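*Asks:* As a plain string of letters, each chain reads:
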Amino acid sequence: MQPIKFLGILLLVSSLVALGGTACGPTAPAEKVITIGQYADAVSLDPQDTNDNASYSIEKPMLEGLIGFNEKMEQIPQLAERWEASPDAKVYTFYLRKGVKFHDGTPFNAAAVKANFDRIRNPDNKLKRYTLYKIISQIDVIDEYTVRFTLAGPFGAMIATFAHPAGGINSPTAVEKYGKEYGKNPVGTGPYKFVEWVPNDHITLVKNPDYWDKANGPKVDKIIVKPVPEAGTRIAMLQKGDAQFINTVPYAQAETVKGDKNLNLVATESIYTFWVSMNVQKKPFDNLKVRQALNYAIDKEAIIKAVLRGYGKPANSPVAPLVWGHAPAKTYPYDPAKAKALLAEAGYPNGFKTTLRGAESTEAKEVMVAIQGQLKQVGVEAEVISLPSATLSAERFKPLAENTGEIDYSGWSPSTGDADWAIRPLLTKENWPPTNYTIGFYTHPKVEELVKTALQTSDAAKRKAAYAEVQQIIMDDCPWIVLWVNYVLGGSRANVGGIAIQPDGIGFYRSVYYK
Amino acid sequence: MPPVYLLTYLLAPMLRYILRRLLYMIPIVFGVSIVVFLILHLVPGDPARLVAGPDATLEDVEIIRSSLGLDRPLPVQYVSWMGSLLHGDLGRSARTHRPVTHELGLTIPATVELTLAAMAIAVFIGVGAGTIAAVRRNSFFDYSSMVVALMGVCTPSFWLGLMLMLVFAVKLDLFPTIGRGGLDHLVLPAVTLGAGAAAIIARVTRSSMLEVLNMDYIRTAHAKGLTAQTVVLRHAVKNAFIPVITVIGLEFGYLLAGAVVTETVFAYPGVGRLLVEAIGYRDYPVIQGSLLLLALQFALVNLAVDVLYVFFDPRISYGTK
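Those protein sequence lines, which keep their order, are chains A and B. Sequential numbering of the first sequence, starting at 1, is according to the numbering used here. Sequential numbering of the second sequence, starting at 1001, is according to the numbering used here.
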């Protein structure tokens, strides 16, 4: 019995110590710490080797680009004070901010910028964002603070591409020093510096007291990001105060956060458009009347209310309103009678059978079941096929001959914030699977032409006009059932401000403060 | 003979047995490696595409495919993986580029810690409740504890975890909500994980005890005038324990591999979460490495159970021909 008693006492004492440690800490001036519960851990902290929002959310407070986005997805000067584009969209000159230093003391200058883009555009480095910048053919250091990029061909969306989070500038000294391990040791110029990363547990950032922009410097001492995959758990953390912000809040739990006086729901209109892509190379979707009929058959408002709990609005274009180049085109009102009539005209008076493919998340399933029910009202029997993401991606990226997809529920956010990336990968022939995401195998001669025209110039007005025409064609020709633009939801403690989720789904953590 | 040698002499057959069982593990692990490798490559899903992300162009995907070595023929991939394995190198994660041994080194201790705590709770509650229920058969305690045990088996750990968190962390503020840290971090996840196992152990203990308590030697022990406590604790429990040990061993193995849900709910950095995430991204090196290690753990736990049998039932012996 003696050893057991001893063990019992030991357990009791150690648990008391553990509890005491958390309950009554030292009373030194409290460090301002913000803990964030995020839906996933980072994959890499090297922006050039990142393609997921969870990683970008954590990189952004540390690494800044030449150009950044404000909360409305408008481009703002960051490490470049200003820039010029040649009219033929081939030469871009950046005038850099002076007196900026990386966290490791390396001076920020034209040579550093050149080193960054030379690294990413070299295919031997096998970085995930290589193709974004491979069009750069030459980089010239004009003087200490001026750098000029020359492209292999005209590319009108290049400024937006520099604003892409992959354009975050890394310390060339650190890249050299850490080599392949740089993604675990990021060094930038931002308001927060990297401290440590314990995978699947937490990432810690501390404030950069020497940040160049005094007016927008760090307002807390430390930011700790913890990966918390389960939404219910994130909300419990927020309620208890173990987290001051959570990314994200599912629509189903929005009311819980909203109804709690200690918490704020932080909703942001996103640049995500959701749609059902139809395989236009297959019958009956090659028929315009069928495609129009399906657009009239879906009651978007009803699904937004039921599944998105109101956090969305019907889309009037394939390009979301906050994307540069958005032009409202049209919406298809809910009109099942008209849908039936169109189906009859197309030769399907009794409808037809099809499959509706999509992800297996609760939200995607709810949307698909709602669509299934509404299609049934007009005689179209859709079988819902929900697939785990790996299988779904394998199915979607099959080339036309092997692709069994008919109609497919999906969504897209153009991470450059530019209409080019909201249209070209999704609706042009050179981007049919397996190349990219034109999963409905759509092509339209005028769209192909306009998309190219818009890239031949850096003239904003000309580009906007081309994209406006494209958006009108897409809405008239309807290769998709265009559904809605959603809101992305985060939750914060009521005493915390300056933190949200950006329209592109990336966390905006750098301005967080205690009220 | 000095006592040390005497001990070695007595234990020698057992040691030989353990050594032999350890050698048997080599073909088991080898077999697991082939099966896992083949199944992974047969399941649809392209790791290069998944690593590259949804908006990657085919060119990006191909660059990543070659950097992952997935453009080589399957047998070449297997042999190269096996070759590094023999040097103790499990490769690097396709997604995070971290060495798999590093990923496992971070997560396995966390999972073992959680599993041990959960098993301690499960054995304490399960054996205790099962034994009392058997001794006081058909009493209120018997009925109520077995109903609770039935509920324990049926309760999804997902729901139980969130409920415990809401009550004991959010409302009562007794424990932290998530993560790994001191003992206080361990309590809620361990209870969540151990609840199901406790229930199963309680039911097995009860039925095994009932069988033993009806035996003649127990009646003899009572007749000898031994106290009820001595009869139960010294005579009955030891004999009733073989099936209980078997169940404990099995549950232990399952918990090591199956803490996925609990780890997800409590954002606990364990191997279950690592594995499930890796499967989602078809991160072959991580899946292969963790499954190999889990198979090895399972085999070791089984061996430990077999060795424990001898302790509880001296009639069982190994190695002596």
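Incorrect hints may have been included.
Pairs of lysine-lysine, BS3-like flavour, derived with a Cα cap of 30 Å [unchecked claim]:
#1 A:Lys289 <-> A:Lys240
#2 A:Lys32 <-> B:Lys1224
#3 B:Lys1238 <-> A:Lys240
#4 B:Lys1171 <-> A:Lys515
#5 A:Lys330 <-> A:Lys289
#6 A:Lys114 <-> A:Lys207
#7 A:Lys101 <-> A:Lys214
#8 A:Lys261 <-> B:Lys1171
#9 B:Lys1238 <-> A:Lys222
#10 A:Lys207 <-> A:Lys180
#11 B:Lys1224 <-> A:Lys258
#12 A:Lys330 <-> A:Lys313
#13 A:Lys515 <-> A:Lys214
Hints in this document: simulated from the structure, not taken from any laboratory. Small disclaimer: the values here were computed from a predicted structure and weren't measured.
*Asks:* Please work out if Lys1238 of chain B and Lys222 of chain A have their alpha carbons no farther apart than 30 Å.
*Replies:* The given pair, whose Cα atoms are some 55 Å apart, is violated under the 30 Å limit.
*Asks:* Do the alpha carbons of Lys32 of chain A and Lys1224 of chain B lie within 30 Å of each other, as the hint requires?
*Replies:* 71 Å, violated
*Asks:* Given the hint that Lys1171 of chain B pairs with Lys515 of chain A, does the C-alpha gap stay at or below 30 Å?
*Replies:* Measuring from Cα to Cα gives roughly 25 Å; hence the hint holds.
*Asks:* Within a Cα-Cα threshold of 30 Å, do Lys261 of chain A and Lys1171 of chain B meet the stated pairing?
*Replies:* Satisfied, since the Cα-Cα distance of roughly 15 Å is no more than 30 Å.
*Asks:* Has the given pair, Lys114 of chain A with Lys207 of chain A, been kept, meaning a C-alpha gap of at most 30 Å?
*Replies:* 27 Å, holds
*Asks:* Given the hinted pair Lys101 of chain A and Lys214 of chain A, is their Cα-Cα distance within 30 Å?
*Replies:* 14 Å, holds
*Asks:* Has the given pair, Lys1238 of chain B with Lys240 of chain A, been kept, meaning a C-alpha gap of at most 30 Å?
*Replies:* 46 Å, violated
*Asks:* Sort out whether Lys258 of chain A lies within 30 Å of Lys1224 of chain B, counting only the CA atoms.
*Replies:* Violated: Lys1224 of chain B and Lys258 of chain A sit about 70 Å apart, past 30 Å.
*Asks:* Are the Cα positions of Lys207 of chain A and Lys180 of chain A separated by 30 Å at most?
*Replies:* 26 Å, holds
*Asks:* For Lys515 of chain A and Lys214 of chain A, compute the direct alpha-carbon distance and say whether it is at most 30 Å.
*Replies:* 19 Å, holds
*Asks:* Run the distance test for Lys330 of chain A versus Lys313 of chain A: straight-line Cα separation, threshold 30 Å.
*Replies:* Distance ~13 Å between Lys330 of chain A and Lys313 of chain A Cα, so the pair holds.
*Asks:* Is the Cα-Cα distance between Lys330 of chain A and Lys289 of chain A 30 Å or less?
*Replies:* 17 Å, holds
Violation of the numbered hints given earlier is confined to hints 1, 2, 3, 9 and 11; the remaining hints are satisfied by the structure.
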